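S.K.: Listed below are the residues making up each chain.
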Amino acid sequence: MALTVKELSFRYSKQATLSNISFTIDSGQFVAFLGENGAGKTTLFKLLLGLLKAEHGSIYWQDLNLQTASPKAIAEQIAYVPQQSNGSFNHTVIDLVEMGHVSDKDPHQTEKALNYLTMLGIESLALRPFQALSGGQQQLVRIAQALMQDTPLILMDEPTANLDYGNQLKVLDQCRQLVQDGYTIIMTSHQPQDVLTFCDQALLLKDGQLLVHDTVERALTPERIEALYGVPVELKQVDEKSPQLVIPKLYQRRF
Amino acid sequence: MEVIQRQRRRRIGILVGMAILLIVATFIALNFGRYYLSLADVRQTFHLLLRGKAATIPREHYLVIANIRLPRLSANIFIGAALAVSGATFQALFENPMASPNILGVNHGASLGAALAIISYASNQVTILAAFVMGLLAVGLTFAVSRLFRMERTLALLLAGMVIGSLFQAALSYVKLIADVENALPEITYWLMGSFSSITWQRVNMILIPMLIGFVIIFGQAKALNLLTLGEEKAQTLGIHLRWTQGLLILAATLLTASSVAVTGMIGWVGLVVPHICRLIIGQDYRYLLPCSALFGAIFMVCIDTVARSWAQTEIPIGILTALIGAPIFFSLLIGGKGDGFNR
Chain A
1 MALTVKELSF RYSKQATLSN ISFTIDSGQF VAFLGENGAG KTTLFKLLLG
51 LLKAEHGSIY WQDLNLQTAS PKAIAEQIAY VPQQSNGSFN HTVIDLVEMG
101 HVSDKDPHQT EKALNYLTML GIESLALRPF QALSGGQQQL VRIAQALMQD
151 TPLILMDEPT ANLDYGNQLK VLDQCRQLVQ DGYTIIMTSH QPQDVLTFCD
201 QALLLKDGQL LVHDTVERAL TPERIEALYG VPVELKQVDE KSPQLVIPKL
251 YQRRF
Chain B
1 MEVIQRQRRR RIGILVGMAI LLIVATFIAL NFGRYYLSLA DVRQTFHLLL
51 RGKAATIPRE HYLVIANIRL PRLSANIFIG AALAVSGATF QALFENPMAS
101 PNILGVNHGA SLGAALAIIS YASNQVTILA AFVMGLLAVG LTFAVSRLFR
151 MERTLALLLA GMVIGSLFQA ALSYVKLIAD VENALPEITY WLMGSFSSIT
201 WQRVNMILIP MLIGFVIIFG QAKALNLLTL GEEKAQTLGI HLRWTQGLLI
251 LAATLLTASS VAVTGMIGWV GLVVPHICRL IIGQDYRYLL PCSALFGAIF
301 MVCIDTVARS WAQTEIPIGI LTALIGAPIF FSLLIGGKGD GFNR
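Listed in order, the protein sequences are those of chains A and B. Numbering follows the numbering used here, with no gaps: position 117 of the first sequence is 117. Numbering follows the numbering used here, with no gaps: position 196 of the second sequence is 196.
Derived by calculation from the structure, the hints in this document are not laboratory data. All of these numbers come straight from a predicted model, not from anything done at the bench. Quick reminder that beta carbons are idealized off the backbone N, C-alpha and C, glycines included. Misleading hints may appear alongside valid ones.
Heads up, simulated BS3-like pairs for lysine-lysine below, C-alpha to C-alpha not over 30 Å straight-line [what the hints assert, rightly or not]: (1) B/K223 <-> A/K46; (2) A/K53 <-> B/K223; (3) B/K223 <-> A/K72; (4) A/K206 <-> A/K249.
One side only, chain B facing chain A, incomplete, derived with CB under 7 Å [stated by the list, open to error]: (5) I4; (6) Q44; (7) S197; (8) S198; (9) Q202; (10) A222; (11) L227; (12) T229; (13) K234; (14) T237; (15) L238; (16) D285.
Just chain A, with the same shape it has in the complex (with noise of 0.2 Å):
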């Protein structure tokens, strides 16, 4: 099972957006989309989602066309997981996961539903109103409600953003484990050192065009984060066994 995407380009107006990009997802990785704001990072999702239908180019998940492909049948094979909240109605956390149950089959939505509420700790909101919820509540439901969605790939735009530190490891180490148990995650980041110490490739968009795409420790030189985000940084590596820490080196001002 792969996701494939041939010579793809897309232009809101006259300026294009995504140019002529390229590249292979193989299944059961866990990959990042990293560039500035404005890079192409969000098109190329909605692209992905079938939400856009791209100028040029070719997309496909296995063998389903996700230019031409009805929403239902996308929505059997991709799950969403959006970064903004979940409308302006405070349903409660469970009616909002059994939402994500998208096959018109199988009568045991709620008790699914709880199981992966269990799943990811989260068993005893159940019938909290999802707006009483905090961000990484919020975040670990929203999660919940694309697993009942029951597809192999999950999309997720910068599921981090708005938590705090420990919620943001939490919410990507919960990635990692779903990614452990068979699913393809794609995220978009804004933060190298996430993307190095849980992912396993890294996709580099700039100005729409895709710089790289390898995996994390190859694609994520000191040079390319530099050419990303224009901020010079070092890399280093505690032990054999760790991570690769980027250090910005702005530092130099303080110490």
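Add chain B to chain A, keeping to what the hints say.
M.R.: Chain B only, in chain A's frame:
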């Protein structure tokens, strides 16, 4: 698991309780009115009606109950339910708990249609038809104009609704200006205040089919409505065919509103307040919220119209009463911080 199931059972219990309440309220309302009937008279008339022995009922009792109060109460029930359900539908469509059935200009269109019919001395039937058609036309125009805007679909619709609504309102003002001050103008003014006073079985029958179509479509899309409350993008990634579903639901909700407005004139607030109160009672899940809104809207309308027709010597236009009651209820809910539906 048990706690969740208990909560689900509670929701069904609430719906059953409301259905019983509606039956009781309707029966009590049958006893009210300017022509005095004792409780025993009403019971006896009903008994005989149900057994098919209409001929043995005292003629006046039969006329009052079967030809005046029953059609009026049926209209109360249908229209109360229709306005509440279409309000709840528009609220999901626009991801906004404050949306009302008039958000796309259906009331303004219907008002203009009725006013035009009234100044051309058309029959009552033609007035109803004109209101209905112009209501649909206004929404159709809103839809068409919204396609010209390059922005998010719901925002485009909202703004187009304001544009079209204002145009129809201006046209209505002009019609009022040129209307005959002796007859047509008072009639238009009275029509705009809303009233059930001219309801007959014939009129109830006229709106029955569009209403049934509207109800069937909306109730069938309860799950889609739930997903739409999550936002357009999320709904689509959960398998909703956005344009098709939105179009269908707008059509259905417009059928409900247009047929209500056509026979009773403007009745505000029900579509906004009733679904909101129901959210507090039964929660946000549209599978329960829709029937709850329908039942509560019907109860609300039966009660208010009973007051409208029996409180004072002359009948009070119901639009005045729904606003008089609806606005303070809404106000108190917001003040009390019980806006559980929309904590933002």
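S.K.: Taking the hints in turn, state whether each one holds.
M.R.: Cross-check of the supplied hints:
About 23 Å separates the Cα atoms of B/K223 and A/K46, which keeps this hinted pair within 30 Å; it holds. The suggested pairing of A/K53 with B/K223 holds, with an alpha-carbon distance near 26 Å, which does not exceed 30 Å. Distance hint between B/K223 and A/K72 is fulfilled; the C-alpha atoms sit about 14 Å from each other, no more than 30 Å. Simply put, A/K206 and A/K249 have alpha-carbon atoms about 22 Å apart, close enough for the 30 Å limit, and the pair holds.
This hint holds: B/I4 has a C-beta 6 Å from the nearest C-beta of chain A, less than the 7 Å allowed. Residue-level restraint check for B/Q44 is violated (minimum Cβ-Cβ distance to chain A is 48 Å; threshold 7 Å). The closest approach between the C-beta of B/S197 and any C-beta of chain A is roughly 37 Å, which is over the 7 Å cut-off, so the hint fails. The criterion of a C-beta within 7 Å of any C-beta in chain A is not met by B/S198, whose closest approach is roughly 38 Å, and the hint is violated.
Taking 7 Å as the C-beta cut-off, the interface hint given for B/Q202 is violated, the closest approach to chain A being about 40 Å. The criterion of a C-beta within 7 Å of any C-beta in chain A is not met by B/A222, whose closest approach is roughly 11 Å, and the hint is violated. Evaluation of the B/L227 hint against chain A yields a held restraint, the C-beta minimum of about 6 Å falling below 7 Å. At about 4 Å, the closest approach between the beta carbon of B/T229 and any beta carbon in chain A falls short of 7 Å, and the interface hint on this residue holds.
This hint holds: B/K234 has a C-beta 6 Å from the nearest C-beta of chain A, less than the 7 Å allowed. Among the interface hints, the one on B/T237 holds; its C-beta lies about 4 Å from the nearest C-beta in chain A, closer than the 7 Å criterion. The restraint placing B/L238 at the interface with chain A holds, with a minimum CB-CB distance near 5 Å, inside the 7 Å limit. Nearest Cβ of chain A to the Cβ of B/D285: about 5 Å, under the 7 Å cut. The hint holds.
Violated hints, in rising order: 6, 7, 8, 9 and 10; the structure is consistent with all others.
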